[in-house]
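Listed in order, the protein sequences are those of chains D and V.
The first sequence maps to residues 406 to 1301 in my numbering.
The second sequence maps to residues 406 to 1301 in my numbering.
Please keep in mind that the hints were generated in silico from the structure rather than gathered at the bench.
Treat each hint with caution, since some may be false.
As the list makes no split between identical chains, a pair holds if one copy fits it or if it spans any two.
Said to hold, decoys possible - Here are the simulated lysine-lysine pairs, DSSO-like style, with alpha carbons at most 27 Å apart:
#1 Lys1299 - Lys1238
#2 Lys1248 - Lys1238
#3 Lys489 - Lys779
#4 Lys1183 - Lys579
Each chain, letter by letter, is given below.
There are 2 protein chains.
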Amino acid sequence: SIAMGTDTLSEAPCFPFGAGEKGRSADDKWLLGGKGANLAEMSAIGLSVPPGFTLTTECCREYCSNWNGELPPSLWSEVTAQLKVVESKMDCDFGSDSNPLLLSVRSGAAISMPGMMDTVLNLGMNDVVVEALSAKTGNARFAWDSYRRFLEMFGNVVLEISRSEFEEELDNIKFEKGYFEDNELQVDDLKTVVSAFKEVYVKNKLSFPDDVYEQLRLAIGAVFGGWNGDRAIKYREVENIRNLLGTAVNVQSMVFGNMGQTSGTGVCFTRDPNNGKDELFGEFLIDAQGEDVVAGIRTPQPISELETAMPEVYAEFKMNTEILEKHYGDMQDIEFTIQEGKLFMLQTRNGKRGGEAAVKMAVDFVEEGLIDKKEAINKVLPEHLDQLLHPSFSDTESATYKNAVVASGLPASPGAAVGEICFTNEDVVTKSEKGIPCVLVRDETSPDDVAGMYASEGILTARGGMTSHAAVVARGWGRPCICGCSDIKIDEAAGTLTITKEDGSTVVMKAGDCISLNGNTGEIMAEKMGVSPPAMKGDLEQFMEWVDEIKEIDVLANADTPDDAAEARKNGAVGIGLVRTEHMFFEPERIGQVRQLILSKSEAQTKEALDNLLPYQRSDFEGIFKAMDGYPVTIRLLDPPLHEFLPGLEDEEVLQKLSSQMSMTVTELVEEIKSAAEVNPMLGLRGCRLGITRPEIIEMQVRGIIEAALNAIDNGVDAIPDIMIPLVGKVQEFRDQAKLVRATADKVFEETGKTCKYRVGTMIEIPRAALTAHEIAKEADFFSFGSNDLTQMTFGYSRDDVGTFIPEYKRKGILLDDPFVTVDVEGVGQLIKSTVKNGREVKPDLKIGVCGEHGGDPRSVEFFSNDAGLSYVSCSPFRVPIARLAAAHAATKKKG
Amino acid sequence: SIAMGTDTLSEAPCFPFGAGEKGRSADDKWLLGGKGANLAEMSAIGLSVPPGFTLTTECCREYCSNWNGELPPSLWSEVTAQLKVVESKMDCDFGSDSNPLLLSVRSGAAISMPGMMDTVLNLGMNDVVVEALSAKTGNARFAWDSYRRFLEMFGNVVLEISRSEFEEELDNIKFEKGYFEDNELQVDDLKTVVSAFKEVYVKNKLSFPDDVYEQLRLAIGAVFGGWNGDRAIKYREVENIRNLLGTAVNVQSMVFGNMGQTSGTGVCFTRDPNNGKDELFGEFLIDAQGEDVVAGIRTPQPISELETAMPEVYAEFKMNTEILEKHYGDMQDIEFTIQEGKLFMLQTRNGKRGGEAAVKMAVDFVEEGLIDKKEAINKVLPEHLDQLLHPSFSDTESATYKNAVVASGLPASPGAAVGEICFTNEDVVTKSEKGIPCVLVRDETSPDDVAGMYASEGILTARGGMTSHAAVVARGWGRPCICGCSDIKIDEAAGTLTITKEDGSTVVMKAGDCISLNGNTGEIMAEKMGVSPPAMKGDLEQFMEWVDEIKEIDVLANADTPDDAAEARKNGAVGIGLVRTEHMFFEPERIGQVRQLILSKSEAQTKEALDNLLPYQRSDFEGIFKAMDGYPVTIRLLDPPLHEFLPGLEDEEVLQKLSSQMSMTVTELVEEIKSAAEVNPMLGLRGCRLGITRPEIIEMQVRGIIEAALNAIDNGVDAIPDIMIPLVGKVQEFRDQAKLVRATADKVFEETGKTCKYRVGTMIEIPRAALTAHEIAKEADFFSFGSNDLTQMTFGYSRDDVGTFIPEYKRKGILLDDPFVTVDVEGVGQLIKSTVKNGREVKPDLKIGVCGEHGGDPRSVEFFSNDAGLSYVSCSPFRVPIARLAAAHAATKKKG
Ligand SMILES: [Mg+2]
Ligand SMILES: [Mg+2]
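Given the sequences, and given the hints that come with them, work out the whole structure.
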């Protein structure tokens, strides 16, 4: 074998850690790996970490490329030198027959690669050492159990013997003894296991090295070599991990919490992760190892009792928690072990927390001077706010909850919903009027169902994706919703819902039965579960103030009614980015007029319908202006295909009534409805195409807007109407519609002798509009990206139909994100950026926003704010706080 | 009034024309206007044009802007000087009481503005001159008729008296006399008319100037002034005419063909415009004016008889035609007048011609040395080839034809079709097998109708636009087709077709009645009309050789069968740009297997269907490779939504059969068919989305392609398969499918021990693909624009649904061209250009073509060739010659 030096390394090959070691900075991940850097950092701030050392990632690179799979002598002598230091710190000796030191050898790359970690524990064990350990600890069972575990890990990680070969031997012995659990094994049984495990080595024609240094040398080499194994290469390929030098190797002394009444082990959060209170939250076990805590055989004690049990240890531990919080500026999740009265910190990391806790701690940390506002903002995640803003199930980790889950679908809108099953719109409306909470269960929803959806606690559909009608409407109203649950089958006629569980068994539920939906996870429970209400507190208000100070982009809301608008203001929206005027058309007393308008064959019928609709529109608009006093209200003119407003062909009563209203026969009406159907309605007669072919509708809408604004102004409201033309693809379309809008406004001004300011802008939602933005910007007062439609057309995806292939696309990694949830930066984002650039070249101050679903998605908000440079995002009222937070996150990211 | 000079002009104010005048070049349109330049040019080449002079457009500009609406003295003295020259040439005097000269005064801008022409004829007439003219010509009726016409034109054009005031007077006199036609008016009647017309002037408080110079001065001023009239400004605005200086004024001596037996008038083409033969084609009348020829009261003589009637005039005329053809390098359409034995050429222009004539003349002109090949190519228009390549109705100008027209629709595919009405696919197939020509009449067609469409002479639909299924398929097969004829109503059950004529009356036709369709015009005749077959001649072959020499872009064809491929080769396609593999699936013996494949719930059923389909695919591909020996064959993998292949829900027999084939109940089958339906199928599960979710179909298709290629090669055929992945939007989709294609090919190579070359490329038809072309180009061997889908998605138009708004868009000028017919250069073209640029940056030699309908549209071909720099266009076999011609036109345009 060739001996090679370590002179090709840019840094030292080994770095020590443990109490008293200065360590390196946490930024040295690339050299020490994530775990090594963390251990070095804890050492550096003075915590007692079990001592050890890290072999760098550079060594791994050289091992794989230049050292021919050998550790060069210069490196090995460095390793043995470091080991000497560890021995003296731990006051015991590696391979000793009286006071032995055991080591762990672990891989650790700069990027966390879950499931790819190579770990060998208890290294330094042999037939002599096991007896020494047994004698030293007075615990022969522990010593022999450690030995058999080591034999298995070493054989598997270092010599690549299949784990199953060891497991088989263990199972045979347990079977012979009639044992079911590992912990039933006695000392003699464990000795038999050790012999059997050694036989496994022999069967594989491999020898187990009794020499503990040989164990160490082989283990280090195996971890380095594993970096270039097929499995690791494949893993990095799939996860797209590139540009790493290799893995580091951490050699660390083992500590044992099971060495009597002065030893122990525990886990602890530095604050309460549920409510954020500044008190330790954790538990410990005396004379136990970490796995005993997890196994749940003994009940751990609360951390507060450690103060009584081991006052000095507790004092050190408490101080450590303060040091760590100060150092990391965050609540920590800590693992620790006490070996014979000495405290060792095994691991610390930022602790996971609930929404309420996240906000409280962020505010507290600032007040305690631990972090600044910018850092505080980054401690609260969108999920945290989402939890805070929706009711949630009380304890989703409990067995009660888990056992209650019967099926799951797509988590389309968050929150917890509990109510009686209703299969029809009418059923929900009737019951909810009596105060009975209901869950609407449908194959899929349509605009006809909106009254029922609004009145429901939550919505469950068998079909449709994250952006189906049900999902979009539910999110808009903050209703929990589970979509596309293929495990359910609805028989509306029979009034039954059949749920097929994972094991193939079925649950049949009837209308009126209680059902619970977890919109955060998509889980469905066939019973009434307990829920906790949303917690709104002073801390949240304080926090959101900081959010608004820091963010650089405005957050507006999409709202269709005065109520929605009021909700939006409450959530901090500084205007309405989208009023979908057509949503106002679906209410029962209006839909008949809308249908008359669509089917009308005479000017008189058209005029009558328009005259009847005008007051509704006007009063809706007036209410919205009032709720948004002083903030802009962006009103989109009629957008969806008209035939969406026509009744279904099965509803004979409605058909009968409508046909007599229209003075036609039912047959004629059915023909009309059929002939209005389109092959691809998404790409058909809608948006400004409607406005151009049916200008009288636009005239009515604009009249409603302008009259409402004038009325509002008369009542002292500062009404700011922005009129928005949908689905423009050519500047000529915008020109036609803008001219009609302005002429209509002028007519109202002339009639009333009053005037008001208003702007006329356009949606950018057709790829062609984005491509010709420089032309459209010359004539439009503002742009608003309709990112849903823009995504549909840029991808050629119908969001109603993607359910058939998007799951497969995600499975195959063709799509990483659903482009209807997170904006596709590469494609759609390109159009957005060029639109902004070209639009602002023509009008440097052009107001440009986005009013698609993406306006409420944090990663999309970052793109809109930092990369696209938009003026605002607009999302559903319930998402406004999250969008504000995401905007603040984006701003801090941008500032670096 | 202010006297101003002409020193602000850059050129002389007046230019003379007429025999002996050198004139200026024809390029002086901007200064002399179109008409003036033409007269100058005819003069310059030595033809006897009635002498006169042109006042330049610069004068008009000055008249309107600086001269305050007056002719400055310096200009007027120039006019009188020029007039002197004309008097001497014509040997008569302006305003003379014995031998008077009459003038015409006409406007004429650089750009032709039909309907905006100001014309005053017979100027120089008054009570004295009329008597002199009467005496000189011996034709008092003519003299007085000329006078009354002059009074009307002068009053209207110069003094802006409404024409209706004169017409009313004329009608009164005719009524009193009991006349119906103007030509019943006698000399005395005409004198009464003249008096009455003079009274009109008085009534309008305007005076008719007896002074002929005053007449001239006022007429010139009026023409100049008219340029800035409201009507003219509006006209230029609407027609988007800009950057013109003004109109020129042409003052020309009147000549009269009605001055006895030595006078006459006629029109003549220099060659036969119907067949291109090199012999004069025209007619003349002795002692007549131009309008007499048009009025049709006397029957004109063929031009050949002029040789006998006036040998010298004929000789000069014949010489003139040769001079003109040589000068213009084209067949001329000439108007001439003979005044007392002297020939005057009034007008010449390039003559309109039929397709056969266009090709023959182009070839003859080159052979005669008149023009070069490049010029010859520009003499033949796409419409000419189109006529040549489809049968056409014999005489569409005849009253017989015009009276037979009962309705009209969109001219979706050219040619003449005559046959018996069939309302069903089956009816067409059955009858056509018996040799009965049929026309398929349907509300709209679907893929189920293709067999009937193929077997029909032509197709008529009540619904659908220029790119509906019927239109696209019909053009592909060269079947005449009329679409979207809203005047027809089909009652399939009753077997009747009801046509509502323009006057509101109806014609009811039955299945089996004869109907004729003119696919060039959209006209429908409720009877059997005579047709002429397509004329293919040696001249055409010669001409197309030149076309291929000059064009710079390849022309391939879209073809789905070996027959189509053979047709494509015959028409000069150098490869297949698109094989739509799914079209092979619709044949009756295959569709059942396709349906089984779609509905299959078990691997066994799937495998059976695929095994059954493979031989069909393989033999189709093999036939196409054979037909295309040595040329590339681009095969697109399965593209359309699968549910297109499923039967309709009304066809119980098919449902019955299929359900037993699939071992389901009919109810289950109906459920399956319903659940396969999509909201927007165009944007749903199709293209590579199918290939990714149902890879087994792609494996079968690729196996078919590769096995076919290997078989073909074994049989000595040079098979060049290009495999094309449809509907790619992300490079990851392409990667997935390309990998599958290559793995399948490798498997076949391994099984057979043979190999062949093949390429794997992609359609660019999703905007996102265009936006990420730089990524896709790294992995794809070629690109082919699917310009139909790209247009659909860039505009957000469903081509099945645009019929509801495109007509209105065209009416309002929002769309000038149908973007599915002529590529939208501004929007879609932008994506195409950036794709080519980005793709070729990655792979400089990347083969990029287009296989949408646009590949056969001349203006689109110019864009693809000259602006986008594509490698090829691909269109339906019948359009190949037209695309080749368009490509040659583009090349000559590019070369300048
Ligand atoms: Mg939209
Ligand atoms: Mg396509």
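A quick look at each hint next to the structure:
no.	hint	result
1	Lys1299 - Lys1238	within (17 Å within a copy, 34 Å between copies)
2	Lys1248 - Lys1238	both (15 Å within a copy, 26 Å between copies)
3	Lys489 - Lys779	neither (45 Å within a copy, 93 Å between copies)
4	Lys1183 - Lys579	neither (82 Å within a copy, 58 Å between copies)
Hint violations for this structure: numbers 3 and 4, all remaining hints satisfied.
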